[in-house]
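Produce the complete structure using the sequences and hints provided.
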Amino acid sequence: MASALLRHNRHLLGLEGMTPDQIEPLLDLAESYALLNRSRKVPRDVLRGRTLINLFFEDSTRTRTSFELAGKRLGADVINMSVAQSSVNKGETLLDTAATLNAMRTDLLVVRHSQSGAPALLARKVEACVVNAGDGMHEHPTQALLDALTIRRHLGTLGGLSVAICGDVAHSRVARSNIHLLTTMGSNVRLVGPPTLVPGALGRLGAEIFHSMEEGLRGVDVVMMLRLQRERMSSGLVPSAREYFRFFGLDRRRLELARPNALVMHPGPMNRGVEIESSVADSTQSVIQEQVEMGVAVRMAVLDRLTRGRHSA
Amino acid sequence: MASALLRHNRHLLGLEGMTPDQIEPLLDLAESYALLNRSRKVPRDVLRGRTLINLFFEDSTRTRTSFELAGKRLGADVINMSVAQSSVNKGETLLDTAATLNAMRTDLLVVRHSQSGAPALLARKVEACVVNAGDGMHEHPTQALLDALTIRRHLGTLGGLSVAICGDVAHSRVARSNIHLLTTMGSNVRLVGPPTLVPGALGRLGAEIFHSMEEGLRGVDVVMMLRLQRERMSSGLVPSAREYFRFFGLDRRRLELARPNALVMHPGPMNRGVEIESSVADSTQSVIQEQVEMGVAVRMAVLDRLTRGRHSA
Amino acid sequence: MASALLRHNRHLLGLEGMTPDQIEPLLDLAESYALLNRSRKVPRDVLRGRTLINLFFEDSTRTRTSFELAGKRLGADVINMSVAQSSVNKGETLLDTAATLNAMRTDLLVVRHSQSGAPALLARKVEACVVNAGDGMHEHPTQALLDALTIRRHLGTLGGLSVAICGDVAHSRVARSNIHLLTTMGSNVRLVGPPTLVPGALGRLGAEIFHSMEEGLRGVDVVMMLRLQRERMSSGLVPSAREYFRFFGLDRRRLELARPNALVMHPGPMNRGVEIESSVADSTQSVIQEQVEMGVAVRMAVLDRLTRGRHSA
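Residue numbers (full-length UniProt numbering), protein chains in the order written: chain A, 1 to 313; chain B, 1 to 313; chain C, 1 to 313.
Among these hints, one or two may not hold up.
No copy is singled out in the list; a pair is fine if it fits within one copy or between any two copies.
[As the list claims (entries may be wrong)] Calculated cross-link-like contacts (lysine to any residue; reagent style SDA-like; alpha-carbon spacing at most 25 angstroms):
1. Lys72 to Val83
2. Lys125 to Glu277
3. Lys125 to Arg62
4. Lys41 to Ala99
5. Lys125 to Asp282
6. Lys125 to Glu16
7. Lys41 to Asn102
8. Lys41 to Leu306
9. Lys41 to Pro25
10. Lys125 to Met270
11. Lys125 to Arg38
12. Lys72 to Ala34
13. Lys72 to Arg62
14. Lys125 to Thr284
15. Lys125 to His154
16. Lys125 to Arg227
17. Lys72 to Glu127
18. Lys125 to Glu58
19. Lys72 to Arg305
20. Lys41 to Leu26
21. Lys72 to Ser60
22. Lys125 to Val287
23. Lys125 to Gly268
24. Lys125 to Ser39
25. Lys41 to Lys72
The hints are simulated quantities; they were obtained by calculation from the structure and are not laboratory data.
The following block contains the structure:
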């Protein structure tokens with residue numbers, strides 16, 4: 001049965017509702033692309049003659065570059081469209097954009113938008129396969145998939161693990177997608193942070209809530225740190241970077257509370273000295289760089305999978 | 001005999017002076033590219049090894065994207081060069097830019113510029129084929145060609161029609177190119193709008209002038225709306241968006257004055273509720289989305305045609 | 001023996017320390033690419049499947065475009081990453097960028113940065129071949145190579161010549177790279193300009209210092225003008241554009257002091273009427289446009305040479 005969010009296997013809008021037998025083959029395909037990337041032996045004809053448009057309403061050099069690379073390596077014609085939020089009149093205009101993209105015979109549409117649900121709205125109106133590259137506080141599915149692939153490569157499984165997601169969970173689409181994926185795969189998720197960033201209401205997502213790093217990290221297999229947006233400080237949710245690091249930063253001492261050789265992860269870009277100590281980010285337990293590598297591979301797998309078997313008429 | 005503006009069949013600077021036997025084969029070629037776009041069967045070697053530079057002195061995501069797609073689908077190496085107007089010292093520097101583009105062995109140069117005549121100036125100095133992608137208040141030839149192709153697909157001809165171009169005609173390069181093409185093909189053009197935007201002097205272009213939508217739309221085959229630039233209001237040429245819509249917006253009631261099934265067109269992006277009512281823009285009479293689709297096809301035909309048979313030495 | 005700066009033939013960070021038998025074959029290869037560019041017969045598979053990232057921390061449309069063209073013509077997947085300096089926290093973050101580029105399996109990294117040494121720092125951390133596209137006041141090696149190729153094409157040699165580099169030498173990475181290359185090849189370099197821009201201390205680079213154009217240009221084979229940055233005037237190093245031109249601009253009268261048919265060069269973009277008279281820039285002695293053409297060819301040669309023979313695993 002197809003999930004509500006990977007509708008008809010045509011779009012990747014979120015991970016909520018996806019099943020293990022949808023996730024595992026996608027990770028297997030991504031694993032094979034990771035190997036092809038290393039040997040520079042990616043077949044160039046997978047997306048030849050296909051048009052991929054990167055439609056970014058929010059800036060993100062890393063994610064845009066990752067999708068651009070994924071598309072180009074598979075032979076697609078890749079076009080970047082950056083749209084300043086200010087010049088958009090919302091609603092109707094987003095639909096006009098959808099109509100334009102249809103008319104241009106777009107095959108794959110990668111969308112980042114500050115409003116939750118914008119990619120889903122577009123997906124209802126475009127003939128292209130839509131990939132959500134991050135929407136508001138909703139989901140960022142390719143990030144969670146690349147995190148999962150990285151974990152699976154090191155720990156051999158995505159089931160039965162204990163994973164701590166630490167920091168600004170309330171505002172994080174990365175956290176939301178990871179919670180859906182990890183609980184679906186049978187792992188236990190802990191959310192760790194101050195009550196302003198990890199309110200008790202998040203428990204409904206099926207995760208345990210901790211307001212202390214010392215308690216939250218005890219015995220976990222994976223420590224996943226989130227980036228602290230600077231506006232959280234100006235808006236008063238966090239007193240200061242220094243205070244934040246003192247109570248919720250990941251340092252060597254706290255990492256020792258996790259399982260020996262627990263994985264350290266971060267979606268990047270990092271605020272070193274704010275949410276994570278430099279020496280921890282660069283330690284042998286860190287798989288942060290591998291996350292970036294798996295990001296390209298996962299995006300190649302998603303682009304390949306969504307277009308495969310789709311006739312082009 | 002080659003037209004003065006498609007000089008030696010090498011550049012496409014405007015439609016003034018082009019003859020029906022130059023226009024029709026270009027539309028035929030575009031029609032064939034429209035079909036190839038739909039079936040994703042565009043031959044990738046038409047422009048292989050050719051360099052296309054998109055030189056945009058004015059921002060235009062839609063037009064730039066349309067040319068970028070056209071070039072990439074035909075296999076060209078496409079480079080986007082956006083040049084902030086402010087940093088340009090006009091005249092001499094434009095010629096230095098031309099010299100640089102020659103030295104880089106540019107084959108196709110797509111130029112948008114706020115000054116009328118800038119593409120023609122460049123065309124005199126570069127070895128590349130120049131395509132005018134809109135210059136000041138002068139011309140926007142590929143827009144008129146795509147409009148013509150869209151009309152021909154629906155009405156079977158470009159001759160003997162009655163076409164109303166409505167709105168800010170005085171400042172519109174889109175209108176100017178359309179007037180040249182449509183009158184050349186034997187159609188009758190009406191210009192409709194307030195005297196500030198449609199002064200009587202425009203009559204010299206061979207079109208009829210109307211200052212009332214009710215009169216101007218009566219019995220026409222095609223209603224072509226223009227985008228109202230917001231600066232027309234700040235400069236006092238138009239009282240307000242609401243007033244404008246009341247007198248010169250295209251709504252259902254006014255559209256009924258035209259022929260049954262008259263085509264509704266707009267070069268985009270639309271100001272819904274200003275120059276056009278949403279329900280009209282989305283009605284079955286609207287071919288606005290098809291205009292975008294034909295835009296890519298027309299640009300492919302132009303790029304193909306200008307370079308065809310040109311030796312590359 | 002490999003030079004310290006073209007380390008293990010893997011990076012091109014600067015020309016200081018390079019030997020004639022490293023420089024000559026690179027120019028020979030560039031010469032062959034110049035011919036292939038003219039005939040549009042560049043083999044598209046030299047960099048097929050390779051990823052080239054243009055990482056520009058400073059804006060430069062010309063240099064970025066030149067590298068983008070060079071990469072695309074050789075078949076590479078080219079990605080532009082423009083990074084606003086302001087958003088970079090220096091040091092650590094540059095290393096995080098390096099880690100990200102490694103993870104993305106970048107093969108070639110072209111870097112421009114306002115800080116001298118930034119490309120060298122990146123080169124120590126990335127697996128990609130790094131090409132310095134201009135760093136602070138340090139070096140701009142591909143510019144000097146393209147200047148050398150242009151000179152060699154006209155004068156048949158790079159040895160035994162007398163070359164005057166005129167203008168803001170103190171702040172110029174272009175001048176620095178040219179001094180290294182020309183003195184290495186056995187030519188005599190004169191630096192000409194006011195004491196504020198050509199301080200006596202530059203004599204340690206092995207060049208003669210002149211504070212008068214009339215003396216400096218006498219009998220030279222090549223006059224290489226530098227661009228005068230406007231901030232030199234606001235910072236008081238130069239009184240005004242008019243004054244500057246009067247004493248240090250290249251005009252017809254001064255050019256006559258050089259050898260008959262001496263070459264006139266400029267790295268572009270020119271400030272006509274400030275450092276160079278328009279009629280001189282456009283005269284038959286000017287090879288400024290050819291410099292741009294050789295720029296693409298030299299960059300193709302560098303990209304080809306650095307990756308050649310490197311296994312991709």
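Each hint, compared with the structure:
| no. | hint | in the structure |
| --- | --- | --- |
| 1 | Lys72 to Val83 | both (21 angstroms within a copy, 21 angstroms between copies) |
| 2 | Lys125 to Glu277 | between (45 angstroms within a copy, 20 angstroms between copies) |
| 3 | Lys125 to Arg62 | between (27 angstroms within a copy, 18 angstroms between copies) |
| 4 | Lys41 to Ala99 | between (36 angstroms within a copy, 22 angstroms between copies) |
| 5 | Lys125 to Asp282 | between (44 angstroms within a copy, 13 angstroms between copies) |
| 6 | Lys125 to Glu16 | within (21 angstroms within a copy, 38 angstroms between copies) |
| 7 | Lys41 to Asn102 | between (32 angstroms within a copy, 17 angstroms between copies) |
| 8 | Lys41 to Leu306 | both (21 angstroms within a copy, 20 angstroms between copies) |
| 9 | Lys41 to Pro25 | within (21 angstroms within a copy, 30 angstroms between copies) |
| 10 | Lys125 to Met270 | between (36 angstroms within a copy, 18 angstroms between copies) |
| 11 | Lys125 to Arg38 | between (37 angstroms within a copy, 18 angstroms between copies) |
| 12 | Lys72 to Ala34 | both (15 angstroms within a copy, 24 angstroms between copies) |
| 13 | Lys72 to Arg62 | both (15 angstroms within a copy, 21 angstroms between copies) |
| 14 | Lys125 to Thr284 | between (46 angstroms within a copy, 17 angstroms between copies) |
| 15 | Lys125 to His154 | between (40 angstroms within a copy, 24 angstroms between copies) |
| 16 | Lys125 to Arg227 | between (33 angstroms within a copy, 23 angstroms between copies) |
| 17 | Lys72 to Glu127 | both (21 angstroms within a copy, 21 angstroms between copies) |
| 18 | Lys125 to Glu58 | within (21 angstroms within a copy, 29 angstroms between copies) |
| 19 | Lys72 to Arg305 | both (16 angstroms within a copy, 23 angstroms between copies) |
| 20 | Lys41 to Leu26 | within (19 angstroms within a copy, 28 angstroms between copies) |
| 21 | Lys72 to Ser60 | both (18 angstroms within a copy, 24 angstroms between copies) |
| 22 | Lys125 to Val287 | between (38 angstroms within a copy, 17 angstroms between copies) |
| 23 | Lys125 to Gly268 | between (32 angstroms within a copy, 18 angstroms between copies) |
| 24 | Lys125 to Ser39 | between (39 angstroms within a copy, 20 angstroms between copies) |
| 25 | Lys41 to Lys72 | both (13 angstroms within a copy, 19 angstroms between copies) |
In summary, this structure violates none of the numbered hints.
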